[in-house]
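One-letter residues, chain by chain:
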Amino acid sequence: MRLADRIAAVLLLAFGAGYALTAARSYTYWGAHGPGSGFFPFWLGVALAVLAALFLAAAVRQPDPGAAWLPDRRGAVRLGVVVGATALFIVLAPLLGMTLATALFLLGLLRFLEGHTWRVALGVSLTTAAVNWAIFTWWLSVPFPVGVLGF
Amino acid sequence: MDVFANLALGFSVALTPFNVFMAMVGVVVGTLIGALPGIGPVSGVALLLPLTFGMPPTSGIIVLAALYAGTMYGGTITSVLINTPGESASVVTCIDGYQMALQGRAGPALGMAALGSFAAGTVGVVLLMLMSPLLARWALSFGPPETFALMLLGLTTVTGLTGDHALKGYISMVLGLMLSMVGFDIISGDARYTGGIAEMLDGVDFLPVAIGLFGMGEVLAGAEEAGGEQILNARYGLRDVWPTAADWMRSRWAIARGTVLGFVVGVLPGAGPTIASFLAYTMEKKLSRHPEEFGHGAIEGVAGPESANNAASAGAMVPMLTLGIPGSATTAVMLGGLMMWGLRPGPLLFEKNPDFVWGLIASQYVANAMLLVLNIAFIPLFVRALRLPYSILMPLIIVFCITGAYSQSNKLWDVGQMLVFGVLGYGMKKLGYSPAALVLALVLGPLAERALRQSLIISDAGVLILFQRPIAAVLTTLALLAVAVPVVRAARRALGRRSPLPA
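Sequence lines, in order, name chains A and B.
Read in our numbering, the first sequence has 43 at position 43, and its numbers run on one by one without any break.
Read in our numbering, the second sequence has 1480 at position 480, and its numbers run on one by one without any break.
Read the hints as simulated data drawn from the structure, not as lab findings.
Cβ coordinates follow ideal geometry from the N, Cα and C atoms, glycine included.
Honestly, I wouldn't trust all of these hints.
Quick list of the computed label-pair ranges, beta carbon to beta carbon [what the hints assert, rightly or not]:
| id | chain 1 | residue 1 | chain 2 | residue 2 | range |
| --- | --- | --- | --- | --- | --- |
| 1 | A | 74 | B | 1198 | 37 to 43 Å |
| 2 | A | 17 | B | 1431 | 20 to 26 Å |
| 3 | A | 115 | B | 1126 | 49 to 55 Å |
| 4 | A | 84 | B | 1462 | 48 to 54 Å |
| 5 | B | 1387 | A | 67 | 55 to 61 Å |
| 6 | A | 74 | B | 1411 | 30 to 36 Å |
| 7 | B | 1481 | A | 75 | 36 to 42 Å |
| 8 | A | 17 | B | 1003 | 50 to 56 Å |
| 9 | A | 29 | B | 1054 | 40 to 46 Å |
| 10 | A | 134 | B | 1005 | 40 to 46 Å |
| 11 | B | 1488 | A | 17 | 43 to 49 Å |
| 12 | B | 1134 | A | 130 | 47 to 53 Å |
Based on the sequences and whatever the hints tell you, model everything.
Structure representation (structure tokens):
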């Protein structure tokens, strides 16, 4: 945690400074009628930089390395799979259509990540995809992406 | 006072079949969300928000407010039966509630909590109804300096109280304000911080961020570890749930005190139901004639906090409706919803949209009555829902997050944003930052900027205008104190610990 705090503090300090600089350079700090588009962002950048500097000072003086916070190997894998599957969903939805992508997404996670039986995995994923379609496409007429298969 | 005329108008709105149905949906889904560990009121409101876009705003707020109230009831079930809080406002309920369940008194614990919640929720709505118009009338005189000072106070107090590290809280808040600057500046028309990406011109959308930080973020934190909890078995017939005379005697003052305390804490910007429930527990323990029973199944330890969190959820609506400043993380998300429906939260809401405000207030009475019946008579139903394993629930919540983020403007871009903020929310949670402060700042950012710039335009003394007008001066001073006190304390602690580093 202490190391994470130190790294975060440095990144935030740099981000705050960069943000304030961008505001000062690219946007108007003070226009003809008063504060311009750069005024508020400039001070936000300054505020973040000051807070991050205080935070860095505290983290550097912190003698206690703090509790471990990174997930263990199994946790990291599970996290990665969930995030990866969601990203894959975003890529595949325009090709397969929202409904099919939803069903496949659920099927994959339930069967392969959580180890449910094919029966449970198929049942839950098909039902959810159908209910989702009924609510959003049929009832609320949200235009879901339609895939090459036409739904 | 024309409270009664207004209330009559409110009931005429709230009792239309569609709105009664919506309140019903809200309380059932809310109780479920409250009961299921891993999702709480904030993610519940964020996830249901997209479904309200097709409805009139009044029906939309009725669902969300009913859901908020429902989560306060539902969280109790999990705390008592599994010793895991269903949501954060029921954390303290675990202490004595689970002990009662171990002693075979799960029924009375749940029954007393439901009855206390009903009393507190109803009184909370009465207070909300009486107080809001007065506050709104007072706030009508606010000019830009007062508005800015008020937002500053809202931001700083929320931030100071959430998260376990004051500096991290303020950093989260400033990051939220920074994000809210992305896109077109309303006053000058300049495009800011878009990185040349066309999608960014409209700014960082509130809904994908809220769904990401709360819904997806919580799911990711839960996904990391898989596992189930043991549910205690108990009997839930009406006779098993109804508290005994002795329970009543012990609980009635705890409920009364919890109600008053909870409402006051709820109204204060920044402190919501969670803090109210903790304070109520501490208070009951201090006032009790037998404090040694606390922690071993004292029913006051359930009745007090559970009443307080319901009163607080009603109280938190007061500043949201009258001032446009949310009193809790959940009302911050609701406030975002109000803006998306095209309403302007603040004192004018009472004059311009009376059917909205009074419909909401009336529907809260209806929702509380529904919740009482639901939580006395249908407990077994929710217990069965708790048996749904997290390994099935987790993928389902993600699908909800995806469709919710998508359906606002029908862009997969928003789903991507949701995922990015989901990962960010997971990291923030793990490292002790405050997603609630970030979301609040994202909502208030553009309003705060405009109020500040308008203040400076009319000012002849620069920023000092914030101290020249009495109301603004008081609010600004309070806001600065809210920042200074925890930061100075943290700094002193950091500097004081200058002891030599261990080798």
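Each hint, compared with the structure:
1. At roughly 41 Å, the beta carbons of residue 74(A) and residue 1198(B) sit within the given window of 37 to 43 Å.
2. Judged by the Cβ atoms, the range 20 to 26 Å given for residue 17(A) and residue 1431(B) holds: they are separated by roughly 21 Å.
3. Against the hinted window of 49 to 55 Å, the Cβ-Cβ separation of residue 115(A) and residue 1126(B) comes to about 51 Å, which satisfies the hint.
4. The hinted range of 48 to 54 Å is satisfied by residue 84(A) and residue 1462(B), whose Cβ atoms lie roughly 51 Å apart.
5. At roughly 32 Å, the beta carbons of residue 1387(B) and residue 67(A) sit outside the given window of 55 to 61 Å.
6. Separation of residue 74(A) from residue 1411(B) is about 35 Å and conforms to the stated range, judged on CB atoms against 30 to 36 Å.
7. Judged by the Cβ atoms, the range 36 to 42 Å given for residue 1481(B) and residue 75(A) holds: they are separated by roughly 41 Å.
8. Evaluation of the 50 to 56 Å hint for residue 17(A) and residue 1003(B) yields a pass: the beta carbon distance comes to about 54 Å.
9. At roughly 43 Å, the beta carbons of residue 29(A) and residue 1054(B) sit within the given window of 40 to 46 Å.
10. At about 42 Å, the beta-carbon gap between residue 134(A) and residue 1005(B) stays in the expected band of 40 to 46 Å.
11. Restraint check, residue 1488(B) to residue 17(A): a C-beta distance of roughly 24 Å breaks the suggested window 43 to 49 Å.
12. Range check, residue 1134(B) to residue 130(A): about 50 Å between beta-carbon atoms, so the 47 to 53 Å window is met.
Violation of the numbered hints given earlier is confined to hints 5 and 11; the remaining hints are satisfied by the structure.
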